[in-house]
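Student: Each chain, letter by letter, is given below.
2 protein chains.
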Amino acid sequence: MKNIVVVGLGLIGGSLASALKGFEGYTVMGVDNDRDIRLYAEEKSIADIVTDDTKYAVAHGDIVFCCLHPHGILEFLQAHKQGFLPGALVTDVCGVKSAVLEAAKELPDTVDFIGSHPMAGKERGGIQNSSKTLFRGAHYIITPRKESKPENIALLERIAAYIGARDVIQTEPERHDAVIAYTSQMMHIIAAAICDAPNLFDCQGFEGGSFRDCTRVAALEPELWTQLLSMNAAPLTETLRRFEGNLRAYREVIEARDDVALMKKLRDSSERKKRMHIEYRRGDDAVL
Amino acid sequence: MKNIVVVGLGLIGGSLASALKGFEGYTVMGVDNDRDIRLYAEEKSIADIVTDDTKYAVAHGDIVFCCLHPHGILEFLQAHKQGFLPGALVTDVCGVKSAVLEAAKELPDTVDFIGSHPMAGKERGGIQNSSKTLFRGAHYIITPRKESKPENIALLERIAAYIGARDVIQTEPERHDAVIAYTSQMMHIIAAAICDAPNLFDCQGFEGGSFRDCTRVAALEPELWTQLLSMNAAPLTETLRRFEGNLRAYREVIEARDDVALMKKLRDSSERKKRMHIEYRRGDDAVL
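Note that the protein sequences, when read in sequence, are chains A and B. The first sequence: position 264 = 264 (the numbering used here), numbered continuously. So the numbering used here is basically just the index in the second sequence, starting at one, shifted up by 288.
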């Protein structure tokens with residue numbers, strides 16, 4: 001019998017465990033320190049087996065998914081580096097990858113660590129909000145090491161397909177973090193900063209789809225996002241500076257009442273968006 | 289027989305005409321200069337009557353909805369100010385209100401002008417994208433004048449309810465424009481500026497829900513939005529400056545690696561968002 005161990009049954013771990021049930025005859029073992037979470041997981045059959053014994057689970061995991069917060073992942077790898085099954089595939093779900101891959105260098109050669117970042121989430125965390133359909137239509141990014149075995153990459157690709165991901169994108173940790181600083185982290189900071197406007201609560205009744213969409217992810221989990229942003233501070237700072245410049249350029253043409261320049265800028269930006277739009281409609285329309 | 293005249297059958301005018309059909313026994317008369325648009329409107333029964341004769345339509349309109357672009361609305365009011373039926377209720381759908389209400393001062397006393405701003409739209413304009421369900425769940429903002437008749441305000445409220453709007457918000461043009469600079473116009477500029485990043489097209493495969501949502505409205509109509517932003521330049525500039533400051537404050541704590549300050553900021557912003565979130569869930573959940 002082969003086991004997939006999911007460590008940490010929050011939104012992502014809980015969703016992953018339930019989405020993985022039945023995968024190629026593996027038993028899904030869910031691990032969490034919190035008794036209420038374990039009871040919930042058992043009641044809802046989130047995993048085939050639920051336990052608080054991380055050491056035992058790790059020692060029996062052919063595949064181990066670490067679904068803790070970023071700092072928790074680093075601590076987990078350090079604490080259990082000698083405890084993995086020889087030949088195990090170990091992965092994570094963290095939204096930053098350089099720091100995780102750096103920590104994974106401590107693992108023995110008998111363990112194959114490949115970073116994962118399934119690009120899915122919800123504004124509300126916790127196992128109560130987990131869903132086996134969370135990953136449907138989402139990109140699943142992996143960052144293998146040079147030494148990673150092709151059969152383990154292929155295994156992760158089958159897992160991604162099984163949980164409903166749209167595709168598997170393979171990249172290097174540094175590139176992942178630079179791009180994610182833009183496509184994900186900056187969106188969260190923008191959403192948060194929009195909500196800092198002193199007149200936010202006077203705007204009731206004046207919000208349309210654009211406001212709802214741009215601020216949706218502001219309802220984030222502060223601890224998680226402090227870790228994610230802080231671990232990616234250098235690329236993120238650069239990305240934010242660049243955006244500040246692009247935003248200021250808009251404000252300046254509006255302030256100067258230069259309608260010709262404003263129209264040109266709007267035409268350029270909207271054409272870029274439309275080109276991007278067409279490209280990401282190639283896949284699953286539903287996740288647009 | 290009473291008539292509702294909808295001047296300009298684009299996305300908003302077309303949607304409004306079809307949503308208004310059957311309202312309290314009024315005949316819906318759609319007006320457009322473009323032959324292809326009229327043919328489309330006739331074929332799809334967007335209105336009860338379709339014509340290119342603005343002068344005739346205006347002279348027979350008990351209610352006149354001007355659904356042209358902002359400059360078009362100002363020109364329309366100027367051109368037809370002597371042509372309205374005495375006692376007519378005249379309104380518009382423009383996303384800025386001070387300039388429109390200023391132009392409406394030229395109308396004779398026999399005409400009751402009340403500004404409208406139904407907060408609905410789509411990334412793709414034109415009658416082909418119009419839909420009688422476009423206004424469902426949207427806020428419908430009105431800006432009556434001091435002289436506006438209560439029965440005309442009540443009539444607009446019944447119209448808003450008939451087309452499916454969530455509620456009717458009554459306000460002054462200046463307040464409308466100041467708030468809209470924040471809740472709508474700035475969201476469009478943010479979305480556009482995000483797409484100005486030089487690495488936009490390298491991000492294929494790395495975009496999640498936050499990126500799709502924050503950039504959705506960047507696919508805007510440049511002519512329309514140049515007019516809207518330009519007509520509201522002063523409040524918009526102030527709103528953008530304030531946001532630039534709030535965004536810079538985030539970048540500075542990240543750059544300084546000050547995780548304590550970053551966590552505090554994220555906690556504050558997300559709590560503000562959650563309070564706002566709860567408030568706008570009072571109404572129709574579906575439009576969230």
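Hints in this document: simulated from the structure, not taken from any laboratory. Among the clues, some could well be false.
Using C-beta positions, here's what the derived DEER-type ranges look like [what the hints assert, rightly or not]:
| id | chain 1 | residue 1 | chain 2 | residue 2 | range |
| --- | --- | --- | --- | --- | --- |
| 1 | B | 522 | A | 162 | 49 to 57 Å |
| 2 | B | 337 | A | 21 | 45 to 53 Å |
| 3 | B | 309 | A | 241 | 48 to 56 Å |
| 4 | B | 522 | A | 35 | 51 to 59 Å |
| 5 | A | 44 | B | 562 | 20 to 28 Å |
| 6 | A | 162 | B | 412 | 54 to 62 Å |
| 7 | A | 268 | B | 455 | 35 to 43 Å |
| 8 | A | 238 | B | 336 | 31 to 39 Å |
| 9 | A | 248 | B | 455 | 52 to 60 Å |
| 10 | A | 146 | B | 416 | 49 to 57 Å |
| 11 | B | 522 | A | 264 | 53 to 61 Å |
Every residue gets a Cβ at the ideal spot worked out from N, C-alpha and C, and that includes glycine.
Student: Could you run down the list of hints and mark each one as holding or not?
Tutor: Hints versus structure:
1. B:522 <-> A:162: 49 to 57 Å: Holds, at about 55 Å.
2. B:337 <-> A:21: 45 to 53 Å: Since residue 337 (chain B) and residue 21 (chain A) have Cβ atoms about 60 Å apart, the given range 45 to 53 Å is violated.
3. B:309 <-> A:241: 48 to 56 Å: 52 Å, holds
4. B:522 <-> A:35: 51 to 59 Å: Once the Cβ atoms are compared, 58 Å apart, the range 51 to 59 Å for residue 35 (chain A) and residue 522 (chain B) holds.
5. A:44 <-> B:562: 20 to 28 Å: Since residue 44 (chain A) and residue 562 (chain B) have Cβ atoms about 25 Å apart, the given range 20 to 28 Å holds.
6. A:162 <-> B:412: 54 to 62 Å: For residue 412 (chain B) against residue 162 (chain A), whose Cβ atoms are near 35 Å apart, the range 54 to 62 Å is violated.
7. A:268 <-> B:455: 35 to 43 Å: Cβ of residue 268 (chain A) to Cβ of residue 455 (chain B): about 37 Å, so the range 35 to 43 Å holds.
8. A:238 <-> B:336: 31 to 39 Å: 58 Å Cβ-Cβ, so the 31 to 39 Å window is violated.
9. A:248 <-> B:455: 52 to 60 Å: 36 Å, violated
10. A:146 <-> B:416: 49 to 57 Å: This hint holds: roughly 52 Å between Cβ atoms.
11. B:522 <-> A:264: 53 to 61 Å: Given a distance of about 22 Å, which is not inside 53 to 61 Å, the answer is violated.
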